[in-house]
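There are 2 protein chains.
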Amino acid sequence: MSLPPVANRNAFIAPFRVMELLWRARELEAQGRSVVHLEIGEPDFSTADAITRAGIEALEQGKTHYTPSLGLADLRDAIAASYGSHNPGRDAVVVTPGASGALALIFGALLNPGDEVMMADPGYPCHRHYVSLYEGVTASVPVGPDTDYQLTAELVAASWTERTRAVLVVSPSNPTGTMMSDEEMQRIMEVVRQKDGVLIVDEIYQGLVYDDTVGGSALRFADDVVVINSFSKYYGMTGWRIGWLVLPPAYRQAVDHLAQNMFVAPSTPGQYAAIRALDSDVVAELQRRRRVYAERRDYLLPALRDLGFRIPVTPQGAYFLYADCSDFTDDSRAFAYDILETVGVAITPGIDFGSHRQNEHVRISYANDIQQLKLAVSRLQDYLSSSR
Amino acid sequence: MSLPPVANRNAFIAPFRVMELLWRARELEAQGRSVVHLEIGEPDFSTADAITRAGIEALEQGKTHYTPSLGLADLRDAIAASYGSHNPGRDAVVVTPGASGALALIFGALLNPGDEVMMADPGYPCHRHYVSLYEGVTASVPVGPDTDYQLTAELVAASWTERTRAVLVVSPSNPTGTMMSDEEMQRIMEVVRQKDGVLIVDEIYQGLVYDDTVGGSALRFADDVVVINSFSKYYGMTGWRIGWLVLPPAYRQAVDHLAQNMFVAPSTPGQYAAIRALDSDVVAELQRRRRVYAERRDYLLPALRDLGFRIPVTPQGAYFLYADCSDFTDDSRAFAYDILETVGVAITPGIDFGSHRQNEHVRISYANDIQQLKLAVSRLQDYLSSSR
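Here the protein sequences line up with chains A and B, keeping their order.
Going by our numbering, 388 is the number at position 56 of the first sequence; the sequence numbering is gapless.
Going by our numbering, 396 is the number at position 64 of the second sequence; the sequence numbering is gapless.
Treat the hints with caution; some may be incorrect.
Identical copies carry no separate label here, and so any pair may be met within one copy or between two of them.
[What the hints assert, rightly or not] Here are the simulated SDA-like pairs of lysine to any residue, each with C-alpha atoms no more than 20 Å apart in a straight line:
{"id": "1", "residue 1": "K395", "residue 2": "A382"}
{"id": "2", "residue 1": "K395", "residue 2": "R385"}
{"id": "3", "residue 1": "K395", "residue 2": "I372"}
{"id": "4", "residue 1": "K395", "residue 2": "S378"}
{"id": "5", "residue 1": "K395", "residue 2": "N700"}
{"id": "6", "residue 1": "K527", "residue 2": "P336"}
{"id": "7", "residue 1": "K527", "residue 2": "S491"}
{"id": "8", "residue 1": "K395", "residue 2": "D701"}
{"id": "9", "residue 1": "K527", "residue 2": "E486"}
{"id": "10", "residue 1": "K395", "residue 2": "L618"}
Hints listed in this document are in silico derivations from the structure and should not be mistaken for laboratory results.
Note that the structure is predicted; figures quoted are calculated from it, not measured.
Given these sequences and hints, build the entire structure.
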């Protein structure tokens with residue numbers, strides 16, 4: 333008498349390894365040690381007051397029931413309108429439980445067992461894990477500074493197989509913060525179209541771009557792409573769990589049926605708060621926060637370079653620096669733990685983000701205030717000077 | 333140049349067909365017609381004030397960030413403690429985005445393609461659709477009034493195949509409201525153990541039981557079962573999207589990794605509100621609501637029987653009556669539409685709940701106030717007397 337074993341797919345679904353390091357950090361803190369947290373994957377700001385207030389008002393009005401499974405019509409309209417002259421219309425927009433929910437829907441709608449999804453390595457681990465969940469196969473394409481850590485049309489064409497169904501682009505990227513140029517995006521669109529595949533663009537960090545001459549949705553160039561986004565990052569609403577999908581007509585019915593069955597509906601207070609997040613007067617506060625992130629990047633990037641970390645491409649968005657630490661170590665995990673234990677700075681070893689040179693990279697987040705960043709730089713300097 | 337087609341699994345994932353009927357009802361209402369809604373799957377009450385207030389207070393305190401992916405420790409402890417002398421401990425409890433999230437996790441952890449899950453027909457459609465999502469196979473076992481619309485140990489033993497991995501029991505059941513006896517539950521546990529399978533018990537309607545001598549969790553009898561529950565029904569928190577799983581040790585690591593990757597974390601305001609929902613002083617209001625449901629059942633059940641609907645088993649829980657309408661029709665969908673169009677009462681055709689005699693049944697919900705129930709009965713009487 334024994335319980336059935338876990339399914340085979342679970343072997344491919346790794347935990348976030350940084351959580352282990354975070355546990356160790358918490359232990360040290362419980363012992364009275366100071367730890368600077370630069371492993372962080374979410375904004376340090378709480379949700380802006382105006383947005384939170386809208387969630388509270390909805391609750392005070394008793395709005396605690398299910399919404400339609402694709403989301404409140406007003407929120408879908410507001411999201412669609414946020415694309416300005418490229419408004420895809422309400423029917424194209426599906427509100428989801430975070431960008432995670434968007435991945436659950438689009439890969440569930442698209443992938444048969446064995447189907448391949450192409451994506452860059454390094455990349456956000458949940459992307460490949462969602463592919464595994466549906467018995468799909470992730471075709472990880474190693475990328476480096478020569479392509480801004482992004483796929484290119486040539487790489488996409490060269491890596492295509494007869495099982496490739498989709499190409500996933502993440503711009504700005506987690507963990508690198510680097511972006512794909514408009515020209516490259518359009519060239520990839522052409523290749524994917526020629527191959528009868530579908531391009532999926534994860535734009536979750538789209539609002540957090542620090543160069544006003546770049547950025548903007550892939551919807552500016554095409555309406556046959558799938559776009560993923562979320563209120564978590566730019567809108568600072570992580571805990572509310574609201575994201576969205578923009579879909580071409582071919583996938584709308586399947587996603588509608590999946591959303592009914594997989595989620596019933598996204599969180600109601602989160603949706604009412606999200607409607608407010610798109611109001612133009614809230615943008616002022618969000619843009620102020622964006623400038624704070626930009627200042628942090630502009631401090632941390634040269635400081636880390638001065639310490640000997642190699643960051644060959646200046647990241648244009650998100651709140652991550654992806655640093656080549658091969659001058660210091662060939663074991664990013666051991667390096668991160670040693671830094672934590674020795675000087676109390678928590679950073680994310682590259683091994684969470686794939687298998688291409690991940691032992692020679694760490695991800696350093698600047699979703700923390702500038703005093704903490706300065707303290708971290710000073711501690712890292714102590715660490716590196718004493719260990720060399 | 334065309335987009336890839338949707339995956340094969342989508343052919344097995346049906347929409348809730350009642351949504352179509354609900355759309356027609358909304359059209360009629362927009363034209364000024366009155367419709368009584370008895371197709372409802374959620375409590376008509378808004379969330380109790382004390383619970384909502386706790387969610388609001390958390391938001392006012394800026395608790396808008398991610399929680400741990402398995403849920404807040406305080407909430408996991410409170411859920412574990414809610415099982416009294418059968419407290420499974422915090423480590424056994426996983427907080428999920430609704431019971432839907434619980435299904436996503438346990439079936440993802442358990443099912444390889446082709447693995448079978450046994451469940452009763454009629455049953456809640458999302459259960460079998462989640463099995464399809466992971467390329468599993470639903471073994472639907474036709475059940476009727478002779479077994480209170482529940483599986484039995486004999487049916488489980490007789491329907492077992494070498495691909496069977498799990499048996500799903502839902503008590504009280506949606507759509508029937510009927511329960512499995514403690515004795516039968518224990519007999520099924522024995523069979524499942526002998527076969528090296530796992531028993532999954534969906535207890536989402538467990539709080540809504542109207543006979544004080546029955547009810548209670550399967551955890552009273554075993555700790556090698558998986559239990560699913562939610563704050564949606566008894567606690568009246570549908571829109572907050574918080575459910576939970578209780579897991580034996582064999583599945584905890586796989587579910588932990590899946591939860592990190594699939595959800596990041598459940599909704600933060602929902603979790604803070606849910607902690608309050610388990611406080612003993614909130615129970616008074618929830619029990620008052622339970623008595624209101626009981627009164628509605630005690631009115632509606634004999635009234636529908638008097639009209640000629642056959643409801644051979646008195647349902648002991650949930651807020652549904654599953655009525656045999658074979659004296660009136662052999663097409664439950666046409667019957668439901670005709671009732672809607674003719675007298676303005678919305679009920680759910682049996683076809684949403686499986687394939688066993690579903691054209692001869694309808695589900696009638698009493699999650700609506702008693703004045704509306706009386707109006708519906710009077711309209712149904714008009715309908716049935718004029719159509720006979």
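Here's how the hints hold up against the structure:
Taking the closest pair of Cα atoms, K395 and A382 come within 20 Å of each other both inside a single copy (18 Å) and across two copies (15 Å). For the identical chains of this complex, K395 and R385 are neighbours both inside a copy (14 Å) and across copies (13 Å), given an alpha-carbon limit of 20 Å. Only between protomers do K395 and I372 lie at most 20 Å apart by alpha-carbon distance; the minimum there is 17 Å, versus 32 Å within a single protomer. Taking identical chains as interchangeable, the C-alpha atoms of K395 and S378 lie at most 20 Å apart only when they sit on different chains, with a minimum of 7 Å there against 23 Å within one chain.
With identical chains, the CA atoms of K395 and N700 are at most 20 Å apart between copies only, with a shortest distance of 17 Å across copies and 34 Å within one. For a Cα distance limit of 20 Å, the shortest separation of K527 from P336 across copies, 10 Å, qualifies, whereas the shortest one inside one copy, 41 Å, does not. Only within a single protomer do K527 and S491 lie at most 20 Å apart by alpha-carbon distance; the minimum there is 12 Å, versus 46 Å between protomers. For the identical chains of this complex, K395 and D701 are inter-copy neighbours only, at 18 Å across copies versus 35 Å inside a copy, given an alpha-carbon limit of 20 Å.
For the identical chains of this complex, K527 and E486 are intra-copy neighbours only, at 13 Å inside a copy versus 53 Å across copies, given an alpha-carbon limit of 20 Å. In this assembly of identical chains, K395 and L618 lie within 20 Å of each other by CA distance solely across copies; the values are 18 Å between and 26 Å within a copy.
No hint from the list above goes unmet by this structure.
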